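Engineer: Residue numbers (our numbering), protein chains in the order written: chain A, 1 to 199; chain B, 1 to 199; chain C, 1 to 199.
Don't read these hints as lab results, they were simulated from the structure.
Incorrect hints may have been included.
Copies of one chain are not kept apart here, so a pair can be met inside one copy or by any two copies together.
Claimed, not checked - Here are the computed lysine-lysine pairs in the DSS-like style, where the Cα-Cα straight-line distance is at most 30 Å:
1. Lys-48 - Lys-92
2. Lys-155 - Lys-95
3. Lys-92 - Lys-155
4. Lys-95 - Lys-135
5. Lys-47 - Lys-155
6. Lys-45 - Lys-155
In this text the structure is predicted, and so the values were computed from the model without any measurement.
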Amino acid sequence: MVQASDPAATGSADLDALIRDRVDTMVAARLDELLALREAEKAKKPKKLAIIATKGTLDWAYPPLILATTGASLGWETGIFFTFYGLNILRKDRKLEVGTTGNPAMPMPIPMPQLLTALPGMTPMATAMMKRQFKQHGVASIDELIELAVELGVKLQPCGMTMDVFGFSEGEFIDGVDPVCGAASFLTWAADADIALYT
Amino acid sequence: MVQASDPAATGSADLDALIRDRVDTMVAARLDELLALREAEKAKKPKKLAIIATKGTLDWAYPPLILATTGASLGWETGIFFTFYGLNILRKDRKLEVGTTGNPAMPMPIPMPQLLTALPGMTPMATAMMKRQFKQHGVASIDELIELAVELGVKLQPCGMTMDVFGFSEGEFIDGVDPVCGAASFLTWAADADIALYT
Amino acid sequence: MVQASDPAATGSADLDALIRDRVDTMVAARLDELLALREAEKAKKPKKLAIIATKGTLDWAYPPLILATTGASLGWETGIFFTFYGLNILRKDRKLEVGTTGNPAMPMPIPMPQLLTALPGMTPMATAMMKRQFKQHGVASIDELIELAVELGVKLQPCGMTMDVFGFSEGEFIDGVDPVCGAASFLTWAADADIALYT
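All chains, full assembly: derive it from the sequences and hints.
Structural biologist: Shown next, in the form of structure tokens:
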């Protein structure tokens with residue numbers, strides 16, 4: 001260390017002040033630059049959408065598939081974890097139907113009490129009606145949406161535990177499905193998602 | 001580059017050590033400062049709550065509206081995307097009912113098998129009962145909650161695609177509703193939400 | 001400020017260039033080091049999982065409990081907000097049943113129209129069947145899952161407002177439940193969750 005009494009010290013102190021000044025300015029500028037760079041890199045990273053599909057009726061199969069294909073179309077990294085009744089959506093021979101009872105918000109052709117919605121014929125009728133309505137308005141069918149999801153690279157993850165319980169086997173599923181996995185691996189995958197939805 | 005054998009090199013090495021020292025101190029301090037500043041800015045930014053409302057029964061209309069008005073009351077930026085049966089909530093002449101069948105967890109006045117819950121009269125009875133229960137306990141009605149949501153500036157976004165499919169028109173909706181939008185614009189809006197919920 | 005015409009200026013310009021060079025190198029290195037440190041600290045912080053449980057049937061009691069116990073097993077900070085019919089899950093004398101009607105995706109022992117699923121006896125039969133299926137495949141029962149949740153430190157938060165409306169009292173709940181709270185305190189707690197799910 002130079003001493004204050006040293007004649008050379010004045011020059012050194014001047015130099016020190018000069019350096020301090022320059023360093024201060026440059027550090028701040030360079031730091032701002034580097035942090036902005038990091039943020040720009042982070043902004044370039046695609047968003048991530050993680051969906052859990054638990055329902056297996058025709059109507060409730062639409063939301064996870066529409067959200068997932070929309071996310072993937074936006075360039076987002078997207079995945080669906082199929083569990084419980086949602087596994088039905090992955091079946092090659094899926095035959096999804098609308099649940100008419102228990103949902104008075106379901107638009108029926110004519111108003112009717114809940115009991116009538118439970119009559120034989122009501123489920124296939126409502127199912128046919130919904131399929132027709134979606135088709136008439138140019139909305140893709142479930143078959144088309146799942147094909148699109150595979151095409152767009154949506155990760156389709158079947159829940160191993162509920163496959164066992166409900167008696168599903170991998171052979172029943174469409175092509176393009178991810179290896180069977182569990183809730184732990186899904187949660188770990190979804191932990192850094194921008195949006196996670198349980199449908 | 002100065003050479004080690006150069007007499008000026010000692011001065012250069014000293015300078016280097018001095019700069020290193022200054023840089024270390026200043027970068028650490030400046031970084032803490034800048035990051036603290038950034039965090040303070042982020043903390044000042046209100047939280048954001050994005051909700052998807054898909055159900056159109058009386059009972060399931062409550063959760064998105066209660067969560068949204070609660071979020072907005074906390075000063076959070078809040079929005080609801082109404083899709084599928086959830087569009088019913090936005091109707092001026094909404095007439096939401098409770099689904100009694102298919103939900104054995106629904107507290108009925110007296111225990112009864114599922115079949116009886118489907119009898120004519122059960123849906124209006126359960127609906128009236130639920131409205132009475134909520135009112136007795138000082139909980140706002142759906143009408144009041146939606147008014148409150150508009151007042152608090154909750155973004156109410158109707159899903160154009162399901163409006164088409166289910167035959168809803170903008171004219172049927174209450175005042176204060178956002179322009180009709182799609183899943184892509186909702187997802188983009190929700191991407192930086194702190195909490196996103198599909199109800 | 002030194003002037004360009006000043007003979008000392010050349011030395012100052014050299015010094016300036018030298019400092020700039022050193023600062024550039026050192027700031028970048030030190031910044032990477034400090035940011036990596038911060039990220040390592042953040043990565044050490046456990047993930048957080050916030051779940052809302054709104055359903056009270058046997059089948060829909062599984063997902064929030066399986067997800068919560070899985071999250072907690074991964075070392076995540078985990079909490080469930082029990083509201084609406086979901087409060088049934090917290091009851092000591094809980095008697096959860098499967099809703100058979102309105103869910104044509106529910107695998108029934110034999111295919112049947114919706115009306116038959118509403119017949120007396122169908123709900124207990126489907127309930128017994130589901131319990132047996134889960135047990136046969138080594139999945140914990142709801143009783144075991146909720147015990148495990150308490151053991152793993154999952155926060156079990158009952159919604160005060162719906163307790164009032166549906167007539168639940170704290171005394172009816174199992175041990176280990178958090179104090180009664182509201183949507184505002186849940187949202188505030190969940191605001192920094194990595195994953196928030198409404199089930």
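Engineer: Find the hints from earlier in the document that the structure breaks and name them by number, from lowest to highest.
Structural biologist: Hint check: nothing fails, all pass.
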